[in-house]
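Visitor: Each chain, written out:
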Amino acid sequence: DAMVIQNPRYQVTQFGKPVTLSCSQTLNHNVMYWYQQKSSQAPKLLFHYYDKDFNNEADTPDNFQSRRPNTSFCFLDIRSPGLGDAAMYLCATSRAGTGVGAQYFGPGTRLLVL
Amino acid sequence: GESVGLHLPTLSVQEGDNSIINCAYSNSASDYFIWYKQESGKGPQFIIDIRSNMDKRQGQRVTVLLNKTVKHLSLQIAATQPGDSAVYFCAEPPGGTSYGKLTFGQGTILTVHP
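Protein sequence lines correspond, in order, to chains A and B. Sequential numbering of the first sequence, starting at 1, is according to the working numbering. Sequential numbering of the second sequence, starting at 1, is according to the working numbering.
One chain only, chain A, in its complex shape:
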């Protein structure tokens, strides 16, 4: 089945220690997104890639970076995690240009910062 895969499902890191979360997709979608979701809140978009074009949300901290080396993979790098960065990180994909705007989410990576 075509899907969005995130690894790891749970990540524990130390305050200030860089961490990378990964996402891959078999949907062959041209847009990939990273959302942050905190408890009892809706997901909040951090940034997205349309093909190789990177689009950062205005309020996304510089501490968050992303890489998309190819169509299938996208990474979220948190350079110096703070306690406030503990959250669920969701990767999503969509196909732009065909008139269908639905985004499909992965299972998420829950990040714990000690």
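Everything labelled a hint here was simulated from the structure, so no lab data went into it. These numbers were taken from a predicted model, which means no experiment stands behind them. Ideal Cβ placement from N, Cα and C applies to all residues, glycine included.
Here are the simulated PhoX-like cross-link-like pairs (lysine-lysine), alpha carbons at most 20 Å apart as the crow flies:
(1) Lys56(B) - Lys71(B)
(2) Lys101(B) - Lys52(A)
(3) Lys42(B) - Lys44(A)
Stretches of chain B that chain A covers, calculated by requiring three or more beta carbons in the stretch to come under 8 Å of a beta carbon on chain A:
(4) 30 to 42
(5) 45 to 53
(6) 100 to 113
Some, not all, of what chain A presents toward chain B, calculated at C-beta under 10 Å:
(7) Gln6
(8) Leu45
(9) Asn55
Place chain B on chain A using the hints.
Guide: Below, chain B without anything else, positioned relative to chain A:
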């Protein structure tokens, strides 16, 4: 700013009952909406979508109704089952069908009692 929001944050029903989850939106130009189901510890799961040229769309046990006059949509779940217990979000992609930041409602917690 424009937003998509929910009237009822929690809904508790008995197994077998029908459930109705509501969502209001503020942008009269909105032309595409998505409902997501998010179970605890998982990513949002696409349930059903609807375009503004439709008033109603049915899926398996789910129906979405769109009332453009009052800018309101609802998700109806027939014969609700314990496995339906989750948070339900309505969401709107920018420009209706283009890619980009989803605007989520605040979410409704559905609890189904056996």
